[in-house]
Each structure stands twice: as structure tokens, then as C-alpha cells.
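If you read the protein sequences in the order shown, they are chains A and B. So the first sequence is numbered by this note's numbering: it starts at 1 and just counts up by one. So the second sequence is numbered by this note's numbering: it starts at 1 and just counts up by one.
Hints may contain errors.
[To be verified] Straight line, CA to CA, 20 Å or less: simulated SDA-like cross-link-like pairs of lysine to any residue: (1) A:Lys42 - B:Lys58; (2) B:Lys77 - B:Ala87; (3) A:Lys83 - B:Gln10; (4) A:Lys42 - B:Ala87; (5) A:Lys42 - B:Gln2; (6) B:Lys58 - A:Gln101; (7) A:Lys42 - B:Tyr32; (8) A:Lys42 - B:Ser3.
[As the list claims (entries may be wrong)] For each label pair, taking beta carbons as the anchor points, the in silico distance ranges come out as: (9) B:Ser60 - A:Ser58: 25 to 31 Å; (10) B:Gly16 - A:Ser73: 28 to 34 Å; (11) A:Glu1 - B:Asn68: 28 to 34 Å; (12) A:Lys78 - B:Ala14: 45 to 51 Å; (13) B:Thr72 - A:Ser112: 33 to 39 Å; (14) A:Leu84 - B:Ala14: 41 to 47 Å; (15) A:Ile54 - B:Ser3: 43 to 49 Å; (16) B:Ala14 - A:Val24: 37 to 43 Å; (17) A:Gly40 - B:Lys77: 25 to 31 Å; (18) B:Gln111 - A:Gln11: 38 to 44 Å; (19) B:Gly62 - A:Leu114: 40 to 46 Å; (20) B:Val83 - A:Ser73: 35 to 41 Å; (21) A:Glu1 - B:Glu66: 25 to 31 Å; (22) B:Asn41 - A:Ile20: 39 to 45 Å.
To be clear, the hints were calculated from the coordinates, so they are not data collected in a lab. Glycine residues also receive a C-beta, built at the ideal position from the N, C-alpha and C atoms.
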Amino acid sequence: EPEVTQTPSHQVTQMGQEVILRCVPISNHLYFYWYRQILGQKVEFLVSFYNNEISEKSEIFDDQFSVERPDGSNFTLKIRSTKLEDSAMYFCASRDILSNQPQHFGDGTRLSIL
Amino acid sequence: AQSVAQPEDQVNVAEGNPLTVKCTYSVSGNPYLFWYVQYPNRGLQFLLKYITGDNLVKGSYGFEAEFNKSQTSFHLKKPSALVSDSALYFCAVRDNRGSTLGRLYFGRGTQLTVWP
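Pulled out of the complex, with its shape left as it was, chain A reads as follows (with noise of 0.2 Å):
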């Protein structure tokens, strides 16, 4: 069964520096999404791309977060300059163009800022 992989899994960076979190979503699908679970707290919506444009996006995802399609495969999470709180597990999610199916996720990068 297709998957929605990420990379890395673990990524530890400095705060202040930047960080991009990239994702492979499932081949033939065109909705893709970041969400994010801090330690202990509800999963949380970030953002959501279609079309290579921001479709939604929460208040989390201010200034310092940006996604980008670069190419025919790869959904990209940019955080600019990273902040303590920006610690979390982040996660890809994918879904068909069909209105009734459910959005597949990947495996999740821990981001741990020191």
C-alpha cells in the first residue's frame, strides 16, 4: 500500500537556525497538509496546499513557517528561525482529490530545538 514518507525522522537544530522538514505525499493525490503535536497536546492543523497555493492555514503558521512544492514529488516545511516552542513532532498528511477519502499521514519528524 502507498505511503506518505518523511524526512528525517529525528532532526535537532539550534534555536534561531532554519529547518526544512520534507515529506514524499502518496504519488496520484493532490491535497497535502502539516500538522504538528507538541509532547502531550492534540495534533494540530498547520497548513494545507493544493495547486501549489496555500489553501489554509492556522494561526500557528505565522511568518516563520512557509511550505513549498518544488518538484513533482517532494512537499517541503520551512521554519525560518526556529524557536524553543517549535519543538514537536511534525507530520505530512495526503489525500485524493475525492471528497470522502481520508487524509493518509506519514511517520512524523521529531523536531527538537535546543
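Given chain A, work out where chain B should sit, using these hints.
Chain B alone, transformed into the frame defined by chain A:
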């Protein structure tokens, strides 16, 4: 506003016994409801969904869920629990307003432990 509540942080059951993991929701419009399971160091794995139709939906690994509109609930059930079912379970509701991409709102998760 869309929201999901999972009132139990933990559910413990003996292997072979039925299990229920509770979920209630609040949405504007018709709800699209989902259950996901998370094993240690893994992502969220889709279990089942309710979009429309029969209130009892069946999913992976013998799980099922019952949609109850009057009680705004979508409880996850399994007739006979296995030790391998032990994991973290998340209920989610999809926002179908405006954007067709439908962000998910998650509950806090319920840790299910099945003991032998």
C-alpha cells in the same frame, strides 16, 4: 467551531473482552468523522470513517464505530480486544466549510491498553 472530545485519557481492557473508546464532536454542518491509531514512533494510521449512510461503519483490524447524530458521538468499538490493539487512538472531525481541503480537528487521544 469544530471540536472533538475524547473524555478518557486511558482505557484498559482484558484480552478477549469488548472495548469502547469514546468520542463526541461539535461541528457546523454534516460531520465527516474519522478514527486514527498511532503506534509508538509511527504516524497516524487511518482506521475508519463516517461520511454518510449506515450509522455503523466497519474498518481495519475488526474495529467498528457507531455514529449517533442525536448524541453527537462516534464511539470506536471492537467485540474482542487483542493485546496488539494497545496503542493511542485519535478521533477526528473534518471541517467541510469553505475550503474543500478539509482540515482535521483531533481529540486529545485515548491510550488503549489490552492486558493478557
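To see whether the hints hold, each was checked on the structure:
1. With a CA separation close to 25 Å, the supplied pair A:Lys42 and B:Lys58 exceeds the 20 Å bound.
2. A C-alpha spacing of about 14 Å is found between B:Lys77 and B:Ala87, which places the hinted pair at or below 20 Å, so the restraint holds.
3. Of the supplied pair hints, the one linking A:Lys83 and B:Gln10 is violated, its CA atoms being roughly 32 Å apart against a limit of 20 Å.
4. A threshold of 20 Å between alpha carbons decides the hint, and for A:Lys42 with B:Ala87 the separation of about 16 Å falls inside it, so the pair holds.
5. Restraint check for A:Lys42 and B:Gln2: satisfied, since their Cα atoms lie roughly 14 Å apart, inside the 20 Å limit.
6. Under the criterion of a C-alpha separation no larger than 20 Å, the hint pairing B:Lys58 with A:Gln101 is consistent with the structure, at around 15 Å.
7. At roughly 19 Å between alpha-carbon atoms, A:Lys42 and B:Tyr32 fall within 20 Å of each other, so this suggested pair holds.
8. Using a Cα cut-off of 20 Å, the hinted pair A:Lys42 and B:Ser3 holds, with the two alpha carbons roughly 11 Å apart.
9. Range check, B:Ser60 to A:Ser58: about 29 Å between beta-carbon atoms, so the 25 to 31 Å window is met.
10. Against the hinted window of 28 to 34 Å, the Cβ-Cβ separation of B:Gly16 and A:Ser73 comes to about 45 Å, which falls outside the hint.
11. About 31 Å separates the C-beta atoms of A:Glu1 and B:Asn68, a value consistent with the hinted range of 28 to 34 Å.
12. For A:Lys78 and B:Ala14, the hinted distance range of 45 to 51 Å is satisfied, since their beta carbons lie about 47 Å from each other.
13. Roughly 38 Å separates the CB atoms of B:Thr72 and A:Ser112, a value that falls within the hinted 33 to 39 Å.
14. With their beta carbons about 42 Å apart, A:Leu84 and B:Ala14 fall inside the hinted range of 41 to 47 Å.
15. For A:Ile54 and B:Ser3, the Cβ-Cβ distance of about 23 Å falls outside the hinted range of 43 to 49 Å, so the restraint is violated.
16. At about 41 Å, the CB distance of B:Ala14 to A:Val24 agrees with the hint of 37 to 43 Å.
17. Under the hint 25 to 31 Å, the C-beta atoms of A:Gly40 and B:Lys77, about 26 Å apart, fit the expected range.
18. Here the CB-CB span from B:Gln111 to A:Gln11 is close to 26 Å, at odds with the stated 38 to 44 Å.
19. In this structure the supplied range 40 to 46 Å holds for B:Gly62 paired with A:Leu114, their Cβ-Cβ distance being about 43 Å.
20. Evaluation of the 35 to 41 Å hint for B:Val83 and A:Ser73 yields a pass: the beta carbon distance comes to about 38 Å.
21. Taking 25 to 31 Å as the suggested C-beta distance range, the pair A:Glu1 and B:Glu66 conforms, at roughly 26 Å.
22. Checked against the hint of 39 to 45 Å, the C-beta distance between B:Asn41 and A:Ile20 comes to roughly 22 Å, which is inconsistent with it.
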